[in-house]
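Please model the entire structure based on the sequences and the hints provided.
Number of protein chains: 4
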Amino acid sequence: MMDKRTPTKEEALSYFRERNNWGRWGPDDQRGAINLITAEKRVRAAGLVRSGRSVSLSRPFPKEPGPNNALPAQHYMKTLPRGKGGFAADYYGIFYHGVASTHIDALCHTWDDEAMWNGRDPKQEITFDGARFGSIEHWSDGILTRGVMLDVPRHRGVPCVTQDTPVHGWELEDILVKRGIRLEPGDAVCVYSGREAWQAQDPERPYSRPFTAGQQPQRPGLHVSCLPFLRDHDVSVLVWDMLDHLPIGYDIPWAVHAVLFAYGVALLDNALLEPLAKACVEERRDEFMLVIAPLPVVGGTGSPANPLAVF
Amino acid sequence: MMDKRTPTKEEALSYFRERNNWGRWGPDDQRGAINLITAEKRVRAAGLVRSGRSVSLSRPFPKEPGPNNALPAQHYMKTLPRGKGGFAADYYGIFYHGVASTHIDALCHTWDDEAMWNGRDPKQEITFDGARFGSIEHWSDGILTRGVMLDVPRHRGVPCVTQDTPVHGWELEDILVKRGIRLEPGDAVCVYSGREAWQAQDPERPYSRPFTAGQQPQRPGLHVSCLPFLRDHDVSVLVWDMLDHLPIGYDIPWAVHAVLFAYGVALLDNALLEPLAKACVEERRDEFMLVIAPLPVVGGTGSPANPLAVF
Amino acid sequence: MMDKRTPTKEEALSYFRERNNWGRWGPDDQRGAINLITAEKRVRAAGLVRSGRSVSLSRPFPKEPGPNNALPAQHYMKTLPRGKGGFAADYYGIFYHGVASTHIDALCHTWDDEAMWNGRDPKQEITFDGARFGSIEHWSDGILTRGVMLDVPRHRGVPCVTQDTPVHGWELEDILVKRGIRLEPGDAVCVYSGREAWQAQDPERPYSRPFTAGQQPQRPGLHVSCLPFLRDHDVSVLVWDMLDHLPIGYDIPWAVHAVLFAYGVALLDNALLEPLAKACVEERRDEFMLVIAPLPVVGGTGSPANPLAVF
Amino acid sequence: MMDKRTPTKEEALSYFRERNNWGRWGPDDQRGAINLITAEKRVRAAGLVRSGRSVSLSRPFPKEPGPNNALPAQHYMKTLPRGKGGFAADYYGIFYHGVASTHIDALCHTWDDEAMWNGRDPKQEITFDGARFGSIEHWSDGILTRGVMLDVPRHRGVPCVTQDTPVHGWELEDILVKRGIRLEPGDAVCVYSGREAWQAQDPERPYSRPFTAGQQPQRPGLHVSCLPFLRDHDVSVLVWDMLDHLPIGYDIPWAVHAVLFAYGVALLDNALLEPLAKACVEERRDEFMLVIAPLPVVGGTGSPANPLAVF
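Quick mapping for you: the protein sequence lines, in order, are chains H, W, E and L.
When you read off a place in the first sequence, starting at 1, and then add 493, the result is the number in our numbering.
When you read off a place in the second sequence, starting at 1, and then add 493, the result is the number in our numbering.
When you read off a place in the third sequence, starting at 1, and then add 493, the result is the number in our numbering.
When you read off a place in the fourth sequence, starting at 1, and then add 493, the result is the number in our numbering.
No lab work stands behind these hints: they were computed from the structure.
Given the structure is predicted, the values throughout are model-derived calculations rather than measurements.
Each hint should be verified, as a subset may be incorrect.
Treat identical chains as interchangeable: a pair holds within one or across any two.
In silico DSS-like pairs for lysine-lysine, Cα to Cα no more than 25 Å straight-line [said to hold, decoys possible]:
| id | residue 1 | residue 2 |
| --- | --- | --- |
| 1 | K571 | K616 |
| 2 | K671 | K616 |
| 3 | K577 | K502 |
| 4 | K556 | K571 |
| 5 | K616 | K556 |
| 6 | K616 | K577 |
| 7 | K534 | K616 |
| 8 | K497 | K671 |
| 9 | K502 | K571 |
Written as structure tokens, this is what we have:
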């Protein structure tokens, strides 16, 4: 039974110091918890496709400047004649981390003062040409697994998670119980917090108050208490619309983003989960096949992605 | 029975003038032959997942300059401290059409002197901000269907297709017969021509001799005679490693790339098919579930993609 | 004597319709008023260098996101070893028009419903590969001329121009008279409006309220009444820190920016003029040699630039 | 009298180890030999403007792929309506080091196993956000000085320098004597080697054979013996069309590019000097005013530039 109490700093630290997955898949492993997605697991995930409904979990490629998009993605066009016909081609450029782009984080994306994934030293592994360890190409054969919806607003009977009400690990357990869901190793957990509803309350309010000197960053989201939940259930991927609740509340550099370096869990940031939540209600199901196909960028710290949920 | 004869120009023209799919899914349709991939089709495709083996059909993100990569993709890194820890983030930039990047073409990508997909006028639809019609976001819920391997080198008993021996439509029919494959509407056809073996013969030779003034462009690939094959079988996606055979041999702007504007068929260019061909041999199967998840770029003419084949 | 009265719309229109410079340097001319800067003019300008003090009129390359910088410039680094040593190299990317970057506008940058510079049709001249007429490479041998400071805050005895007090043409005339300056054809006029002081009053206030649907854009700056001033004196270059006062106040697409297509006058937008104004006071001079060296981008609509004033 | 003998490795090393300028302008100096360009020097340089002829030393912004341009610069267009009129704007992106773009190197650009400029440690000073020392913004007030043409092909009576005949320091001395030129501290020396004529002999031949594994890079240019010439004359800027002769011929990472970290001399790489050489002949002069106005990129390792020579 989970303890419904905000953890102390020592407990928080123990989540990623004492319970990490370093060495679990060998000292040189760069795939982390994606190793839990076996061929057999993929077969079972494909078996979840029954109605054939397909839902994209991606926001539009973030071209427009705005309060949540300080570094807009680039889209530039060319047209060229070809004989009596022609063609159009275009350039895409994106600095995809942040809160605007739906993307997957590779294991090399974050670290604390101890180390990055599997105990490696970021000073050695992060270079001007990309990461030498834990980079995205190690997941280039794709992530296909069972996806499970954990719909927090539905559970709470509210439109969205707010700054005052972070999502705790025990609440995710409660949702499992209430919905009769049993998580299995290798699952992708989709934690829906109602980000669209939150944004609609004040379209000009940035989801993430920026990290600026002297200012405490703020945003609603998942509390560090979610870490044991992810670890206990051997989750492989966390798909979320809201990210770590800020301020963290402890003097640690990362809260839920610590699952990258501590557990080897993949993060699918800024997912569009409202349509998926709706589809789950309509399909009367909490599980589906989830497919994520990152671009195989050698040394990349992640990839923009269009995750697909198929019922 | 297919005619094993190189078509005349009139016949070639008739392939996309008389047999086009304009209006087939309504005058405003922007999804084309992807409409043939129904929910039911997706369910059957998922049913093909039996061993759980997953194969990426993507070449590495093309960062390195080279004879086939005149406009290399950009990968730039940043690292930033976060408390006592830190993170790495990166920028990706790519002009993805061409012969270096594995990518999907949207229906708006090509046109001839008549029109683009569904009879639209490219002068109206192609703007500096992107395409207004037939752009990639219309496939943002992904393409999940049955994939079928047509392995030309294996059929011929040679390492690769060459400049002298283009792939003809009747040869693809022969492969179907020989392998006992029955195509169905909505299938994705993977035509493997042995591009890696071809390149290995002369690593400095560009796959595509460029379109330069006064010069006849050259490259081995698929002949315009493949058009009726794709049309007759109601193929939805052509996945290929070698592209249109050049020179086309007729005074027409596009050969196989005409399927975009004529039939509404998606093209997955520069796929990495060698590992898939090998997997088909090992799995003793010619069919698999294929998933393509394009980035939802509003107005985009396509998207870099990492297609996944799952057995 | 100049009329100290806000012009009617008809008068405003007449500024660029009846008094334009089309054909003045030939129907195919692409250099516009820069033609007024003769070799002899350059010699005289160089003769103004007496103390040798050099002042940059460029703001820093705008890498930082902010209220005035919705599309921040990119700066990415690489380092590479070379034998036992090494080197650092970097990438610069910039969409330089707007209010963040100090840049020069080429004649092709703006047009009204009539035409662009010299009566050309933008539909013909502006292509996906750049402008075919009036582009920046026509000034690639640089702009070296006499620069003249018109210091509006000093004239007014205030820190800066404000939204309520646009700069009018008659005020610029008054400054000439008061300071005993005689303009000559080919001069570059530096109109200082105190943008830094204005910004310092509210660092988070954007200088330019964006053009968004239904909203009237706003910013302090130069009134359309400045047009006759620039035309009467045969000014070649307008160097300014604040730009056109908005709203324009008439139903015309461009106010002072009309000098590009109407007169062939170069605009040097977002200049950093505070240090220059200070230097003018210290040097007890209103004139100096000005040098602008645009990057020779074939088809470019302008160029980021670092203009130099030398006393 | 200069020794007309290829130096030994020890002599070569002594050029930048024993004769460096570290500390000459203080231990924290970041402007190097540009300090030699005093206000007085600028006044004298401006005094050289007599005919008013202006010559650009910049090649076109290198947008086109080619044997010398593996990473082409980007130029993308946008047009937008504004009322009944409109405007065009564009994006420029460039990785400007290499052999295609006319650009200036900042002092931080190169280092050997000892240190970078002024004895600093590149591991400390070069970051993902740019260089912290010796970066280009320290020259943001521009470089305006006397330029001197040293025309090697004219001296030799040949069209261009070739791989077999590197430019030596004693040859530059000979040119001074023959032409009756006296160099002064702070001068910019323009060493013309006939790169256009060299390229015209074989348009497909890359000027710089790339640095690839196992291959000795090759290109015609200036020998390391030019170092004492630059140091003895207290040259501030080397403007050149051909760069360091390769192979260097010694086991040292940098030849003439060592002037950056050893002497604090600015390098203006890939200048277009053919028109300037022609102008010198026509104007019957070897000296002129030279202006370089780098973009003030904080932390930048250099800048694309359009240097102007004015007679």
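* Asked: How would you classify K577 and K502 at a CA-CA limit of 25 Å: within, between, both, or neither?
  -> This pair counts as between: shortest inter-copy Cα distance 15 Å, intra-copy 69 Å.
message = Checking an output row: K497 and K671, CA cutoff 25 Å. Within, between, both or neither?
response = Within. Shortest intra-copy distance 16 Å satisfies the 25 Å Cα cut-off; inter-copy 64 Å does not.
- request: If the cutoff is 25 Å on CA atoms, where do K556 and K571 land: within, between, both or neither? Let me know, please.
  value: both (17 Å within a copy, 14 Å between copies)
My question is about K571 and K616: at a cut-off of 25 Å on alpha-carbon distance, are they close within one copy, between copies, both, or neither? between (40 Å within a copy, 13 Å between copies)
Is the C-alpha distance from K616 to K577 at most 25 Å within one copy, between copies, in both cases, or in neither? between (55 Å within a copy, 13 Å between copies)
Under a CA distance limit of 25 Å, which applies to K671 and K616: within one copy, between copies, both, or neither?
For K671 and K616, neither the intra-copy (45 Å) nor the inter-copy (55 Å) Cα distance is at most 25 Å.
Item to complete: First find the shortest C-alpha distance between K534 and K616 inside one copy, then the shortest across copies, and answer within, between, both or neither for a cut-off of 25 Å.
Response: Answer is neither; intra-copy 36 Å and inter-copy 46 Å both fail.
Next on the checklist: If the cut is 25 Å between Cα atoms, do K502 and K571 qualify within a copy, between copies, both or neither?
Outcome noted: neither (54 Å within a copy, 30 Å between copies)
Within a copy, between copies, both or neither: which one fits K616 and K556 at a CA-CA cutoff of 25 Å? between (33 Å within a copy, 23 Å between copies)
In terms of the numbered hints stated before, the structure departs from hints 2, 7, 9, listed from lowest to highest.
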